[in-house]
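First to last, the sequence lines map onto chains A, B and C.
Counting from 1, one number per residue, gives the positions in the first sequence under our numbering.
Counting from 493, one number per residue, gives the positions in the second sequence under our numbering.
Counting from 659, one number per residue, gives the positions in the third sequence under our numbering.
Any given hint could be a false lead.
Stated by the list, open to error - In silico DSSO-like links for lysine-lysine, alpha-carbon gap of 27 Å or less: (1) K160(A) x K363(A); (2) K696(C) x K35(A); (3) K621(B) x K611(B); (4) K609(B) x K621(B); (5) K35(A) x K769(C); (6) K412(A) x K363(A); (7) K33(A) x K769(C); (8) K33(A) x K770(C).
For the record, the hints were derived by calculation from the structure and aren't laboratory data.
The model shown is predicted, which means the values in this text are computed figures rather than measured ones.
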Amino acid sequence: MDLDNLASLEYFYPEIILAGAILLVIVLDLVIKNKRVIGALSILGCLASLGATLQLYSGPSGFLFHRMMVLDHFSLFFKIVALAATILVLWMSFSSREVASLHQGEYATILLSSALGMFFMASATNLLMAYLSLEMVSITSYILTGFLPRNRRSSEAALKYLIYGGVASGAMIYGMSWIFGMTGSLDYSQIHAALFQGQPNQLALFIAFVLILAGFGYKIVFVPFHMWSPDVYQGAPTPFTAFLSVASNAAGVAILLRFFFPGVSQLGPDGSWRFLSGVEWPQFLLIVSMVTMTLGNLSALGQQNLKRMLAYSGIAHAGYILMGLVVLNTEGLQAMLFYIVVYLIMNLGAFLVVVLVANATGKEEIDGYRGLAWRGSAVPAIAMAIFLFSLTGLPPLAGFVGKFFLFAAVIKQQFYLLALVAVANSVISLYYYARVVKVMFLDFPEASDGRVELNPGAATLLGLLSVMTLVFGIYWGPLVAFTSQSLQFFTK
Amino acid sequence: MEVGTVVFYLIALLVVASAAMVAFSHNIIYSAFSLLGTFAGVAGIYVFLGADFVAAVQLLIYVGGILVLILFAVMLTHRITDVQITNRSAGVVPGLIIVGLLFWLLYETITTTPWAKAKEIAYAATSAKIGDQFLQSYLLPFELASIVLLAALIGAVVLARKEMKG
Amino acid sequence: MSDPFFPVLVLFAFAAVVVLALLFIAQTVGPKRMTAVKADPFESGNPPQGDARIRFPVHFYLVAMLFLIFDLEVVFLYPWAVSFRRLGVFGLVEMGIFLLIVVIGFIYAWKKGALDLD
């Protein structure tokens, strides 16, 4: 399918519903006084959009809007991920005392706009769309990072984010201009044809790719484009930090895969991708992946603030996810998609506990977790232990299965050094994750430590996320089937 | 040398000299005003490329809007002119070496790459063509831009109001 | 002289000559009698009060930002207006959606008092 504007509308319901929800929320915010309605309406909009997305999953694939975007399983997968993250984060925001003090309508509108931007990041097949959608996600992220009123750290984080983001997107669009200059087109399939037919200058191509990678890499948070993340994660409102850590990361992976795989590589019959000859891409990514995970884990060791620790752990996980890219085959990509889903569940869970503890004590530092299991309900402490052990990659939790697939893909292609470094990193990460667990269970609370209260909404969400972490650690078949089905690019 | 080439180099000189002023001036107000030359010069370069509409937009948005915004930002910041942290001369030599190497690399690559060149530059009005493209093949980015603008507007209002209250 | 850029060159030369000439004339012909009053900052004839380097209220920034956003909107309107006849009703609807979304932003800013100057 290659549809024009009017014919595309039929396959465009998820985006239309989400855009409608954005407009409705901001208009209703002006007239309605009850702010709970706004939150409920945003979730409803996301659910409706999710329904439309799932319906399209069984439908045909094709280009929409004069090849501006593509409808295929790959894009739908990332739309589902973005929507799931948005719904869970909105749900999480209900229980957050921090978010309760903010402008609810604006918060929801900008969060939904960010999700809409991620939709287009996942499906853009034109450099202009790719740039615009990435900017949309970036702009909304800067706003939400600086959302906390009269909070120096939040404003500082937003400023740092803006400056790093500006430089990264500037580098990216410069790289895109090189691609346009070499191929004379913004359209992915025409770029593909021009690059594979002609004799492109290898060095120019390499420079252009590295520049573009700066823009994508800053969304995925890999070294050396990671510098913004600890400050931003710490300064932003916690539910939004959770959103940033999972959804923004996933959207970055989506735009990267779309550009580097169907865009500038060719799929062989055996499921391995052949990158443009002459560009040593796997070697380059191999080093980036190893440095990213090592640096993230080593920096996380000394952190006292949980949000900051999870930021560094997020960098490390970006390194793990990149492992799937190094092998340049379908198995690796599939492992990446699987890990993204698993990471979404366990990381959102960990941030939910951070929100609950911050509600009770106002603290994000590790001493706020002292004896958490013995202060009020023990559920948050147990759930947190599950999420942290899953993030480490211990069986029988979902994180273990995710890492297993990534390691298997890497070892099959005989990247032993990478696998070794990744295993060593998992061991290092056990130290700082287990330290939190130790503080929660083995230390005794002091009289001044507040009791952690669970409201029904937060308890349900916490239960849901921990059960999913457990279930996908034992029964991963359906998720594997879903991710392998989702790895379908439409290119013709 | 053709007249057009002379004019081009004059404009390029304006752009580069102003950009150097932005980077090397020790007073942030001078830096901000020097952007005027860069922005206006880039508009001139757009004219050379036969992009009259983009040149007009460059003047309207960058010179008329963004430059004013930057000047406001400078004036809004309390005692910004008292702080001399901008453009310290530390690390000039390594900086110059890195920039020089980068420049050499880009120069070598740009001059040896076969670029997909346009057939010939036509100096004709482009706005009608841009209008057609916007509302036909580039409709999606066009409409998406409105939502980006909306989000930016809401963000500007929220972030500025949180400063104003109290 | 059929080169299309010849007038531009003339304009450049003209601008340079005029500016340099004015500066030169002011420098050589103009009398220089400095007094204390002349050295004061100019505040529309009133005696200057306070420091010139005060911090501007953040409201100016907000107004500039809103101006920029609506400036961009007008930029999008212009090419549409030029090719309006060719595009017909379809173009009108498309522009209507675009404007609707931006106008919602305008109403929002208005209702929230972002345009009030107090």
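Hints, one by one, checked against the model:
no. : hint              : result
1   : K160(A) x K363(A) : holds, 23 Å
2   : K696(C) x K35(A)  : violated, 59 Å
3   : K621(B) x K611(B) : holds, 17 Å
4   : K609(B) x K621(B) : holds, 20 Å
5   : K35(A) x K769(C)  : holds, 17 Å
6   : K412(A) x K363(A) : violated, 45 Å
7   : K33(A) x K769(C)  : holds, 14 Å
8   : K33(A) x K770(C)  : holds, 14 Å
This entry does not satisfy hints 2 and 6, going by the numbered hints stated previously.
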